[in-house]
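Colleague: These protein sequences, in sequence, are chains A and B.
Residue numbers 1 to 683, in our numbering, belong to the letters of the first sequence in order.
Residue numbers 1 to 140, in our numbering, belong to the letters of the second sequence in order.
Think of the hints as simulated: they come from the structure by calculation, not from any bench.
Be careful, since some hints might not be right.
Output of the computed footprint for chain A on chain B, the stretches with three or more beta carbons under 8 Å from beta carbons of chain A [unchecked claim]:
no.	region
1	66-72
2	80-89
3	110-123
Under the rule of at most 20 Å between Cα atoms (straight-line distance), these lysine to aspartate or glutamate pairs were calculated in the EDC-like manner [stated by the list, open to error]:
no.	chain 1	residue 1	chain 2	residue 2
4	A	K449	B	D24
5	A	K291	B	D112
6	A	K402	A	D283
7	A	K218	A	E414
8	A	K547	A	E580
9	A	K329	B	D78
10	A	K291	A	E376
11	A	K226	A	E455
12	A	K291	B	D78
13	A	K449	A	E237
14	A	K449	B	E119
15	A	K246	A	E438
16	A	K277	B	D21
17	A	K516	A	E500
18	A	K246	A	E228
19	B	K18	A	E460
20	A	K449	B	E19
21	A	K277	A	D391
22	B	K18	A	E280
23	A	K291	B	E119
24	A	K291	B	E19
25	A	K277	B	D78
Some but not every residue of chain A turned toward chain B, in silico, with C-beta under 8 Å [claimed, not checked]:
no.	residue
26	I219
27	A221
28	T290
29	L299
30	M355
31	T380
32	A465
Where is the CB? At the ideal position from N, CA and C, for every residue including glycine.
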Amino acid sequence: MELERLELQNFRQFRDSSLEFSRDDDHNVTIIHGDNGSGKTTLLNAFTWVLYGDVNFETGIDQLANEGVMAAASVGDSVEVSVTLTFYHEGDHYRATRSLPYRKEHPEDLLGEPGDTTTSLEYGDGRTYESVNNPETRLEQIIPERLSSLFFFDGEDINELAETENEDRIKEAIRNIMGLTVLERSIRHLDEVSRRFRAELKDTGSDQLSDLINREDKIEAQLEQKREQLTTRQGREDDLEQRIDKIGEELENLDESHDIEEDLQAAERQREELVEKRNEVEDEIRSSLTKDGVLGFALPAIRETTADLNELQENDLLETGVSQEFLDKLLERERCICGRPLDEGSTYHERVASMEPAVEGDGISEHAVQTMSRLEIAETYYETLRTGLDDLLSQRRELNAKIDDQTERIDELEANLASLESPELGQQSPAELQQERERRREELKNTVKDIGRIEDKIDELEQEAMEIETEIGSAREEKAEAELIRRRWKASVETWDNLESSFTKLQQTVRQLANKTVSERFDSIAHKDEEDLHAVITEEFKLEGRKRVGDQDEQVEMSRGERQIASLTFIGSLVSIARERHQENADAKYFSGGIYPIVMDSPFGALDNQHRRQISREIPKLAQQVVVFATDAQWNGPVAEELEPRAGVQYRLDFDDGEQAGTHPETDLVMEHEQVASGGASS
Amino acid sequence: VSDRITYERPQIYERLVKEHDVFDSYVDLFVFAAAVGFRKDLKRPNAGGDKEMLWANVRYTEIYETIAASIAYQETGDPEILSDEQRQLEIMGEYAAGGIEFLADHFDGTGDPTVDLAEFILEEGTQVQADAESVIGDVI
Chain A
1 MELERLELQN FRQFRDSSLE FSRDDDHNVT IIHGDNGSGK TTLLNAFTWV LYGDVNFETG
61 IDQLANEGVM AAASVGDSVE VSVTLTFYHE GDHYRATRSL PYRKEHPEDL LGEPGDTTTS
121 LEYGDGRTYE SVNNPETRLE QIIPERLSSL FFFDGEDINE LAETENEDRI KEAIRNIMGL
181 TVLERSIRHL DEVSRRFRAE LKDTGSDQLS DLINREDKIE AQLEQKREQL TTRQGREDDL
241 EQRIDKIGEE LENLDESHDI EEDLQAAERQ REELVEKRNE VEDEIRSSLT KDGVLGFALP
301 AIRETTADLN ELQENDLLET GVSQEFLDKL LERERCICGR PLDEGSTYHE RVASMEPAVE
361 GDGISEHAVQ TMSRLEIAET YYETLRTGLD DLLSQRRELN AKIDDQTERI DELEANLASL
421 ESPELGQQSP AELQQERERR REELKNTVKD IGRIEDKIDE LEQEAMEIET EIGSAREEKA
481 EAELIRRRWK ASVETWDNLE SSFTKLQQTV RQLANKTVSE RFDSIAHKDE EDLHAVITEE
541 FKLEGRKRVG DQDEQVEMSR GERQIASLTF IGSLVSIARE RHQENADAKY FSGGIYPIVM
601 DSPFGALDNQ HRRQISREIP KLAQQVVVFA TDAQWNGPVA EELEPRAGVQ YRLDFDDGEQ
661 AGTHPETDLV MEHEQVASGG ASS
Chain B
1 VSDRITYERP QIYERLVKEH DVFDSYVDLF VFAAAVGFRK DLKRPNAGGD KEMLWANVRY
61 TEIYETIAAS IAYQETGDPE ILSDEQRQLE IMGEYAAGGI EFLADHFDGT GDPTVDLAEF
121 ILEEGTQVQA DAESVIGDVI
């Protein structure tokens, strides 16, 4: 990224200003100097606002609009605050603009009510531009916000980097420049993921599936057993039926029993027919009951409702609904239209009294007509039902009597058979046959009952087996899922280990690189004659001063100036690591580097002239492009002497504090000096 | 979503509908139970339950629709209820819950209850001629 131009519209004390940045390799510094309070910090904020929407003012964005413009505006008008940054990045020119309207609410309103921020980013060849759809995302890719504190910083507190207990900031800076924070987030996320996988495994890792399979096996075994029992019983049923038939035949064939057996069989057939008929009658009873039986209990309600509705209709009360007058009349005569007494204090009196008179019919009339029209049908149905039921029940009574008769006759004939002794030896007598038949019949009855029970049991077991089958299906799915989770968990743990170790390695590598640069540069500028002072970044990420004592390096307290120099060289080292990395075009997985400018506010702090000079010498080397804001007090003297020759462009902040009546704070950017033609060719 | 209520469906529903086929469907028994409950003044307000009864099923026959409207009108005396189907269904639900308790007490023995139910309707149900004539006489 190479800065080209910054334009400010109504941004704080800058009404309409622009700033060109030097892009010359030999004159890579852009200087802006002015009095305290003249707008240096505002300019630094203009960068962070246009790029990330962030400002570091105590009042936030509440006082962003230019006071003078706000004062001149009419109530209701909006003052547009905007900053545009033009820059060059990897072959394209970009123009980022952020703007925010402030609406003047009343005559004394100098702040205005902020509206909606709009951000745009265009890119092109410098003459024609195209819009980028997601400006915020693209800006974040070009110059990530996590790096903003490295490249846009307040020099007053930069020396803090080299203060004790600040290893976290150093570490963070190193991580940021490498993009390691992103990596770190991934690692943290992976850790969470693997923990989650492990918890899921616990849930699914039970012996549920084998339990289910055991249960299914047991049920299958039971089913097998029951089916065998069924087959046996059914065979027994066939045998018994055949034997009973055979007994009948034998009894028919015996002279003594022939007639009685014929009569008996006829009687049994008749009884069967009668039972069949009785079943049919009961079916008819059922089908007449099922829909119309309800009328036996509902008809009175339908009749009374129809009567009430008829009266309402006759009184023309259905179309318009019940009026208050009508209700009052009912209460007065103490009788409802349905005939119920409406005595004061009774439930019905209360009901009528609390009824809301209807404003409109609400289609009630249609419903009422429908209800009334169906009374007749209901009466017909019910009458048919009653007549039908009377008839069916008496039919059933008759059939029952006949069945009883047949049963009596059968009993008689069977008794007769049972009394016939055998005429010949070695042959079963009719009595014995009849006794056996009775036994067999009893047995058959029990067998049929058994069959029914076994069939019920089989149904039940099959149902159970089906349910378990379903459970097994889902348990199998869960098991497969558990396997998958197990594999994922393993993979996540491995990845986590790998990342963690490469992360640590990479961090140390960058530390070593930074350490090397810091040591070299620090030595070259801060070296005091008698003392052998070095700056190092320790393995614990502390930026420290060291002194050679005998064979050993000892930690020494650095002065503020030394800390300032150490800190600046540290940032410079990060910028050059990022640049080298970028230029090597290394096949970097996590850290591809980049070219970044440094914009710093007042890096000369409360330093003595010697340190100011040393720092001024160092500044051009910090980055490919450096923008420096300085107070006039800092600027005059060694800083100007050192930096002026390296400055491509130099501005003075011309500030009017707006103390006089009718004036407002206002700063103009006055170009003092330009070594190279602005807008020159980009590298 | 069409009008609906929730209701309890005790064992007697299974017995009369599934086992003995006395009623073709749960809806038939529900309406029957509601009519019995209304006639015998057995009401269970806010009965609720885990089964749903849909108005769409009740209005499946014109007679059921008329029964629901009539019972609801008799309950409230308000003609506007004729167009408020949800409310009608709610009232039916309250009486059905009371009615089914009665039926469970009287028809939950073993054996086929068909004939007993038929006799119950003939004995305890409305007399056709007497009531009908007096009411129709009133109307005319």
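Colleague: Taking 20 Å as the top limit, are the C-alpha atoms of A/K516 and A/E500 close enough?
Modeller: Between A/K516 and A/E500 the Cα gap is close to 24 Å, so the pair fails against 20 Å, i.e. violated.
Colleague: Going straight from one Cα to the other, do A/K277 and B/D78 come out at no more than 20 Å?
Modeller: It is violated: about 49 Å lies between the C-alpha atoms, which goes past 20 Å.
Colleague: Has the given pair, A/K449 with A/E237, been kept, meaning a C-alpha gap of at most 20 Å?
Modeller: The hint holds at about 11 Å.
Colleague: Can the hint on A/T380 be confirmed by a CB-to-CB distance to chain B that is less than 8 Å?
Modeller: 10 Å, violated
Colleague: Below or equal to 20 Å on CA atoms is what counts here, so check A/K547 against A/E580.
Modeller: Given that 20 Å is the threshold and the Cα spacing comes to 30 Å, the pair is violated.
Colleague: Given the hint that A/K449 pairs with B/D24, does the C-alpha gap stay at or below 20 Å?
Modeller: At roughly 27 Å apart (the allowed maximum being 20 Å), B/D24 and A/K449 break the hint.
Colleague: So, A/T290 near chain B? Judge it on the closest CB pair being under 8 Å.
Modeller: Given a least distance of 5 Å, the restraint on A/T290 holds.
Colleague: What's the verdict on A/K291 and B/E119, does the C-alpha distance respect the 20 Å limit or exceed it?
Modeller: 16 Å, holds
Colleague: Taking 20 Å as the top limit, are the C-alpha atoms of A/K277 and A/D391 close enough?
Modeller: Since the Cα atoms of A/K277 and A/D391 sit roughly 14 Å apart, the hinted pair holds (cutoff 20 Å).
Colleague: Please check whether the region 66-72 of chain B has three or more residues whose CB lies within less than 8 Å of a CB on chain A.
Modeller: holds (count 5)
Colleague: Straight-line Cα separation of A/K402 and A/D283 no greater than 20 Å?
Modeller: 19 Å, holds
Colleague: Measure nothing beyond the straight line between the CA atoms of A/K329 and B/D78; if it is 20 Å or shorter, mark the hint as holding.
Modeller: 16 Å, holds
Of the numbered hints stated above, those contradicted by the structure are hints 4, 7, 8, 12, 14, 17, 18, 25, 26, 27, 31, 32, listed in ascending order.
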